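Chemist: Okay, here's what each chain looks like letter by letter:
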Amino acid sequence: MLGFLIRRLLNYLVLCVVATFLSFTLSSIAFDPLSLLRQHNPPPPAATIEAKRVQLHLDQPIPQRFLTWGEGVLRGDFGQTTTDHAITEELGRRAGVSLRLFLLGVTVGILLGVLVGVASAVRQYKFTDYAATFFSYVVLATPVFVLGPLVKQVAQSINTATGSEWLQFTGEGPNDLSQLGWLEGFGERLRYLIVPTVTIALIQIAYYSRYQRSAMLDVLGSDFLRTAQAKGLTRRRAFFKHGLRTALIPMATLFAFGFGLVIVGGVFTESIFNWQGMGQWLIQGINDQDTNITATVTLFVAVCVLVSGWLSDVLYALLDPRIRV
Amino acid sequence: MSGPVTENDTPVLEVTDLAVSFPSEAGTVQAVRGLSYRVGRGEVLGIAGESGSGKSVSSLAVMGLLPPQARITGSIRFQGQQLLGLSDVQLAKIRGRRVAMVFQDPLSALTPVYTVGDQIAEALLVHGKGRISRQAAANRAVELLDLVGIPHAAQRAKAFPHEFSGGMRQRAVIAMAIANDPDLIIADEPTTALDVTVQAQVLEVLKTAQEVTGAGIVIITHDLGVVAGFADRLMVMYAGRAVETGQVAEVYQQPRMPYTLGLLGSLPRLDATEKLPLVPINGQPPSLVDLPEGCPFAPRCPMAVDACLEAEPELSAVDSAGEHHAACVRTAELAATEAAAEEIEGVDASNAAAIEAAVEVFGAEVVQAQARDLAPREQRPTVLRVDELVKHYPLNKGTVFKRRVGTVHAVDGVSFEIREGETLGLVGESGCGKTTTLMEVLGLTPPSGGAIEVLGRDVSTLDKKARRAVRRDMQVVFQDPMASLDPRMPIGDVLAEPMQVHGLDAEHIRKRIPQLLDLVGLRAEHADRYPAEFSGGQRQRIGIARALALEPKLLVLDEPVSALDVSIQAGVINLLDQLKVELGLSYLFVAHDLSVVRHIADRVAVMYLGRIVEIGTVDTVFGNPLHPYTQALLSAIPLPDPVKERQRERIILSGDLPSPADPPSGCRFRTRCFLHTTLPESDRARCVGEQPERVGHGQDHEVACHFARSKQVV
Amino acid sequence: MTVLDNKADQAVAEAPARRPVKRSRLTLRRFLRNRWSVAGLAVLVLLYVLAFSYPLFSPFSYEFHDTNLTYDPPTVTHWFGTDNIGTDMFVATMRGMQKSLTIGLLVGVISTLLSAVVGAAAGFFGGFTDRALMWLVDLLLVLPSFLIISISSPLFKGASWLIFVVLLVLFQWMITARIVRGMTLTLKTREYVSAARFMGQSSWRIIFKHILPNMASLLIVDATINVGSAVLQETGLSYFGFGVQPPDISLGTLIQTGSNSVLTFPWLFYAPAIMLILISLSVAVVGDGLRDALDPSSTKARRRVKRKKEAAA
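Here the protein sequences line up with chains A, B and C, keeping their order. At position 301 of the first sequence the residue is numbered 301 (my numbering), and the sequence of numbers has no breaks. At position 125 of the second sequence the residue is numbered 125 (my numbering), and the sequence of numbers has no breaks. At position 215 of the third sequence the residue is numbered 215 (my numbering), and the sequence of numbers has no breaks.
Read the hints as simulated data drawn from the structure, not as lab findings. The structure presented is a predicted model; accordingly, all values stated were derived computationally and were not measured. For every residue, glycine included, the Cβ atom is placed at its ideal position computed from N, Cα and C. Check before you lean on any hint, since a few could be wrong.
[To be verified] Distance condition first, Cα-Cα at most 27 Å in a straight line; then the derived DSSO-like pairs of lysine-lysine: (1) B:207 with B:93; (2) A:52 with C:157; (3) B:207 with B:275; (4) C:209 with B:464; (5) B:158 with B:129; (6) A:241 with B:129; (7) B:465 with C:157; (8) B:511 with C:209.
[As the list claims (entries may be wrong)] Here are some chain A residues pointing at chain B (derived, C-beta under 10 Å): (9) 178; (10) 181; (11) 232; (12) 237; (13) 242.
My request is simple: use the sequences and hints to build the entire structure.
Modeler: Quick look at the structure:
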């Protein structure tokens with residue numbers, strides 16, 4: 001069992017390195033950071049451009065550049081942006097911003113999603129089920145960049161109705177955050193967090209509840225549920241004790257997939273709510289044609305998926321005795 | 001087993017006029033239509049019937065476990081209390097405490113995420129809230145596991161279901177069923193999914209369970225052998241109704257409903273001393289959606305008269321005691337036929353007259369092998385020769401990085417040969433390697449050890465072209481008639497495919513298809529229909545036709561009738577018998593059902609854990625089995641003859657089949673061998689240390705046992 | 001040997017009494033019974049027709065900018081209002097929908113075909129192809145296709161939108177391929193596949209004759225779902241300017257422009273957004289309806305039938 005988890009971990013690590021390498025290579029091929037410099041008015045002298053070229057290691061072959069960068073990463077140095085900012089400094093802040101958003105959204109999403117799914121399965125073909133199904137369909141059919149503005153507008157109307165500015169939806173906190181005390185700061189952050197979290201969580205709920213519902217319904221027809229009832233458990237009790245527990249197993253593997261979804265969704269969410277997080281950074285990196293930024297973001301994404309994937313393996317092993325060998 | 005009910009006793013279970021229907025896309029399915037029966041204290045009632053006869057639905061109705069959309073009417077009284085209409089909570093108090101149930105498929109009957117011990121303890125805790133502590137329940141669970149014969153019960157109680165074999169899981173389910181000392185146990189095909197030696201074990205456990213609890217038992221089965229030895233009374237169901245009920249011995253000896261009669265006649269007999277005719281029941285069970293008026297069996301009944309089509313006959317008494325009932329208007333004629341029938345030769349059964357009557361009524365004939373003059377065996381050419389065949393699989397573990405943790409010795413030195421015009425039956429329980437052997441033969445690739453020679457050509461010397469040529473002469477018929485035909489291809493295309501592959505011209509193919517259909521008893525116009533439009537038996541016929549398309553010499557048959565209902569089975573067996581004679585085919589017939597092999601094969605090879613333990617002509621191997629495993633296997637098969645079945649001494653093997661990844665040293669059977677345990681120490685050492693080779697015992701009879709001795713088992 | 005004749009009678013007696021309805025007809029009937037799916041299909045067809053025939057209904061052209069009438073809310077003349085330079089939003093939305101729908105359809109169908117072939121090959125042959133495929137799918141988890149396409153977008157700046165289609169196809173086939181592979185593994189053990197093998201049929205022929213046709217229902221359903229996700233993928237990338245490039249427009253680029261003014265000029269956002277939701281919602285219900293109709297053993301229909309079968313057994 002431990003061996004299994006270690007092997008999974010190794011597999012993910014290899015995937016991380018490969019993913020980052022691919023992203024680095026692709027960016028290096030696709031980007032031309034000097035073009036922005038050339039467009040300056042008046043055009044800078046050739047020497048300046050050449051100096052920039054050397055500074056960005058563009059004179060070296062791509063694998064060499066990757067190795068140089070990778071070496072730095074191992075030492076904790078993610079290199080410089082094309083505009084000479086240290087990536088490492090910004091990484092910490094931005095990762096914090098994104099993780100705050102993702103983790104809360106995902107946790108709320110999974111919990112509520114499982115709950116909605118169970119409720120939907122228990123009340124199959126009743127109002128709850130139809131309502132949940134309708135909700136999921138609509139949310140899943142709505143891309144984040146449409147859902148985000150919609151949630152924003154709902155928040156706006158709540159604010160208008162209550163005559164307050166309590167719900168915030170631009171940026172991750174007030175500008176004067178650093179001057180506030182710990183508790184006040186926490187409260188302020190929360191105000192800014194709610195609307196984007198709801199956006200992410202809505203999608204997660206829609207996604208997980210569909211799967212939880214069908215996993216539950218699959219279990220519903222199973223022989224062991226009948227055995228449990230034959231033993232003298234009521235339908236409801238057999239359903240929760242034997243059914244729900246078993247239906248959670250396939251959900252564990254979904255969590256890894258789900259996280260990938262959040263990250264892509266996160267790019268939009270951050271840009272819609274103007275959060276200075278990783279997703280927004282990726283867009284900036286692409287627009288600035290900055291290989292180091294895109295590679296760093298890719299690595300971050302890969303590590304997130306790795307951790308969530310590995311966690312879902314652990315969860316799977318905990319839930320299913322059949323693979324605990 | 002205790003005696004039958006007396007009139008005054010309140011029965012444990014009394015079902016009256018039960019009807020169950022389900023909505024479906026095609027219309028309302030009337031699964032049970034007016035069923036009445038009673039089970040007395042300590043009485044064992046057998047309910048027999050084919051799939052779709054409503055036998056399982058009726059018992060699920062008793063348990064209140066039918067899906068909510070089922071419409072149930074009538075009355076179900078348990079110890080006088082009406083169960084129909086009770087709420088789930090009220091029923092839950094009765095289920096598991098006073099009525100318990102054992103299901104068919106033990107592999108899926110236990111929740112995979114809880115330990116076996118916990119699941120048994122749960123049965124106690126749910127009914128004994130407050131009265132029994134967790135610890136006490138856990139202890140009692142261990143005792144129960146011990147009672148049903150699970151070794152090291154205390155330790156095994158902590159195991160999860162997936163760590164149990166099928167037989168052990170079924171024992172655990174039985175332990176759960178008897179946990180609260182119920183008054184009624186319903187066993188729904190409790191042994192159908194199990195191998196025959198394990199079936200014998202589980203039936204034994206059920207008997208113990210009955211003795212311990214004194215409960216009444218309803219045992220549902222399609223196997224008339226299982227009920228013959230176990231039940232006091234028998235109820236035969238057809239199309240959602242009881243068509244005959246009575247004391248077991250009486251129903252078997254004097255069946256008064258043509259369906260029962262046909263069923264009895266359609267069973268190949270293990271105890272036959274010569275080839276008996278097999279009664280095929282034409283047609284198939286009716287659809288339960290809109291049944292025509294009249295007797296539902298009438299369309300298949302050779303005795304049907306106009307009256308049968310007018311109204312459905314009620315169950316009525318056919319004996320003076322009023323214990324034996326049948327739903328047929330022609331019971332008197334049946335009785336007369338039976339009285340006139342002489343006891344059939346070739347089987348020593350208590351119901352020989354009934355079998356003869358069945359043969360007469362349904363008009364069956366023996367297909368005589370002599371129809372085609374065959375030279376003596378030694379002079380005929382060898383069609384298939386397998387010599388010391390070995391097949392080992394690597395046993396892998398891990399999902400991402402597979403690593404080899406062992407070797408599965410699936411087939412370990414198997415030798416046999418098939419001569420022209422001969423049928424070799426290859427028998428054994430699941431995991432014995434018979435399917436692997438068959439796949440190796442069909443694969444036509446060089447085996448990892450030993451040699452395979454098809455029609456005189458060694459497969460290891462074949463190139464691509466020669467292999468194709470050999471394929472033409474060797475064809476296969478599979479087990480599952482549902483899976484063996486591509487559902488997207490019309491039958492004509494199915495039959496054409498082998499001919500197209502082998503480059504026959506379109507004109508020839510076009511002519512051949514109607515011939516083939518005719519050969520297996522179907523009509524030419526069936527060619528443009530899809531497999532889904534045919535019944536199981538018909539599909540199996542199509543599978544046979546496809547195999548015959550290229551006019552092969554050898555047919556490999558992988559359990560060709562085991563997925564069919566008994567009444568359909570007989571027709572397909574007869575067809576195979578005829579084709580063999582008419583076309584001069586040779587068969588390699590792989591099966592787990594020894595009765596079928598006895599009927600169809602000329603020679604038989606018994607496999608255990610990758611080796612052949614006994615081989616010879618059917619008459620010698622079945623008549624005088626010498627290997628202890630063959631003896632146990634034969635003794636485990638229940639005979640459809642209540643008198644004989646109750647007199648037999650049964651050899652119950654202990655334990656499960658050892659893992660083929662780690663076979664025992666020396667004789668592979670020794671770990672479960674009853675003979676081994678009775679041997680003196682020095683002889684036992686020989687079993688452990690020395691692998692027995694096959695040694696001749698008389699003409700065409702070889703046995704791989706150091707201490708082979710005769711034993712009467714059938 | 002008189003047995004032959006009686007054998008013929010007996011099996012004929014077994015023959016199906018009445019001929020069941022044809023499969024395709026049954027499927028159609030089941031699909032039509034699902035009102036939601038029928039509605040979804042109707043909406044899709046309608047939108048597609050509308051997207052290409054809008055000039056019949058609207059007097060405005062996309063190139064026409066009524067500079068006197070900027071930011072005009074929806075009226076009888078300008079059904080969806082006008083934007084900052086006075087372009088008619090109805091016309092713009094239809095133009096965007098043309099691109100989005102076409103790209104979605106192309107990507108969905110092509111990528112499904114690709115996944116069918118690759119997945120079936122991987123499942124059937126096993127070995128290297130199989131491991132490589134599984135690994136690619138795993139990689140896609142870590143490196144989402146959105147990331148790859150957006151990073152490589154500068155390479156294709158100014159290129160035709162067809163390149164974009166190729167890119168989307170290139171990164172969308174893996175998940176379906178994995179499902180196809182799984183199905184192939186099950187179908188491979190079916191006896192009719194073994195039968196074909198033992199009669200000497202070649203592997204690729206088995207794949208095209210026996211394996212792929214038998215997952216036609218899965219492929220149809222997946223193609224539908226893939227059309228939906230391709231539309232979302234396309235609009236998402238276009239939203240950030242990584243997809244469809246000007247002068248072409250798609251629903252994504254329109255929504256991007258509109259999203260800045262949700263609170264002020266909501267029609268700029270809602271016109272394309274509602275169309276997009278309508279499209280993907282319709283695709284989803286059509287997909288579900290198709291699944292139920294093609295493969296009654298899969299979702300809810302299955303559960304009902306299955307339980308009944310169990311009970312009747």
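Chemist: Against this structure, judge whether each hint is valid.
Modeler: Each hint, compared with the structure:
1. B:207 with B:93: It holds: about 25 Å lies between the C-alpha atoms, which stays within 27 Å.
2. A:52 with C:157: holds (24 Å)
3. B:207 with B:275: violated (34 Å)
4. C:209 with B:464: holds (21 Å)
5. B:158 with B:129: This hinted pair holds, its Cα atoms lying about 22 Å apart.
6. A:241 with B:129: holds (16 Å)
7. B:465 with C:157: With a Cα-Cα distance of about 55 Å, the restraint between residue 465 of chain B and residue 157 of chain C is violated, given a limit of 27 Å.
8. B:511 with C:209: Holds, because 23 Å separates the two Cα atoms, which is no more than 27 Å.
9. 178: This interface hint is violated because 46 Å lies over the 10 Å limit.
10. 181: Violated. Min distance 48 Å.
11. 232: Where the cut-off is 10 Å and the nearest Cβ of chain B is about 3 Å from residue 232 of chain A, the hint holds.
12. 237: The hint holds - residue 237 of chain A has a Cβ within 10 Å of chain B, the shortest such distance being about 8 Å.
13. 242: holds (5 Å)
Going down the numbered hints, you'll see the structure goes against 3, 7, 9, 10, while the others check out.
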